[in-house]
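Undergrad: Sequence:
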Amino acid sequence: MADGSGPSVAARDDLAGVVDLFEWLTRAELSNALSELAFKQRAEVDEDAIDAAIDLAVAEYALVPAPSGALTGDAPADDGAAADGEADPTAESTALAVGPAAFPTLPEGAEDLPHILDVPERGVDREPLADAVLDRLREEAVEAINGGDDDRLETLADVTYDVEAWAPVDVDPIRTRILAEVDE
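So the sequence shown is numbered by UniProt numbering: it starts at 1 and just counts up by one.
Do not take every clue at face value.
Distance condition first, Cα-Cα at most 20 Å in a straight line; then the derived EDC-like pairs of lysine to aspartate or glutamate [as the list claims (entries may be wrong)]:
1. Lys40 to Glu108
2. Lys40 to Asp135
3. Lys40 to Asp118
4. Lys40 to Glu139
Taking CB as the label site, the calculated pair distances span [said to hold, decoys possible]:
5. Arg42 to Leu117: 15 to 21 Å
6. Glu164 to Asp55: 20 to 26 Å
7. Gly73 to Ser35: 17 to 23 Å
8. Glu164 to Asp118: 33 to 39 Å
If you're looking for bench data, these hints aren't it; they were derived computationally from the structure. From a predicted model like this one, the values you see are computed outputs, not experimental measurements. The beta carbon of each residue, even a glycine, is placed where N, CA and C say it ideally should be.
Using the sequences and the hints, build the whole thing.
TA: Structural data, given as structure tokens:
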């Protein structure tokens, strides 16, 4: 789990593959699953690397915080909400689902995780999940525009295409605004 090179695209897709096995996992459950995989692979567990990989997967929309209205099963009671009511993707109780930028793959040994972890049957309703992703994309686009963060805007522009293929939502107004800003 720790090779010193930092999280990669392959790592985020592996994370999405692990989450996909269960439909959704809390951040703490995903961290536990990754620790179990490291143990199975006789690798050293690096909690900081696991946190960084999860953070990257969330930042790049491979994993997305899922609102409780999109979840079936034992949804976390506090939905990982911060004081302002927004989902806090760093909270251990935040539910994470596979996002639009993921190409879920299973890391070696992951097929055994449902037998190792005590996770009940779960599901995700894509419509409220897609609405939450679209809201987040809008907010992050505004933040990046206001902050003059061209790198983030380019990432978000790419994400708009992923979202469009992933869910029946209209991202054209967001993409148009982002691209207008990037092209300036």
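Undergrad: The structure should be examined with respect to each hint, and the outcome stated for every one.
TA: Going through the hints against the structure:
1. Between Lys40 and Glu108 the CA atoms are separated by roughly 9 Å; this keeps the pair inside 20 Å, and the hint holds.
2. Taken as a hint, the Lys40 and Asp135 pair is broken in the structure, with Cα atoms around 38 Å apart against an allowance of 20 Å.
3. Only pairs whose Cα atoms come within 20 Å are accepted, and Lys40 paired with Asp118 is accepted, the gap being roughly 17 Å.
4. A C-alpha spacing of about 40 Å is found between Lys40 and Glu139, which places the hinted pair above 20 Å, so the restraint is violated.
5. The given range of 15 to 21 Å is respected by Arg42 and Leu117, whose C-beta atoms sit roughly 19 Å from each other.
6. Our hint of 20 to 26 Å for Glu164 and Asp55 holds, since their Cβ atoms are close to 25 Å apart.
7. Distance hint for Gly73 and Ser35: a CB-CB separation of about 22 Å, consistent with the stated range 17 to 23 Å.
8. Range check, Glu164 to Asp118: about 37 Å between beta-carbon atoms, so the 33 to 39 Å window is met.
Violation of the numbered hints given earlier is confined to hints 2, 4; the remaining hints are satisfied by the structure.
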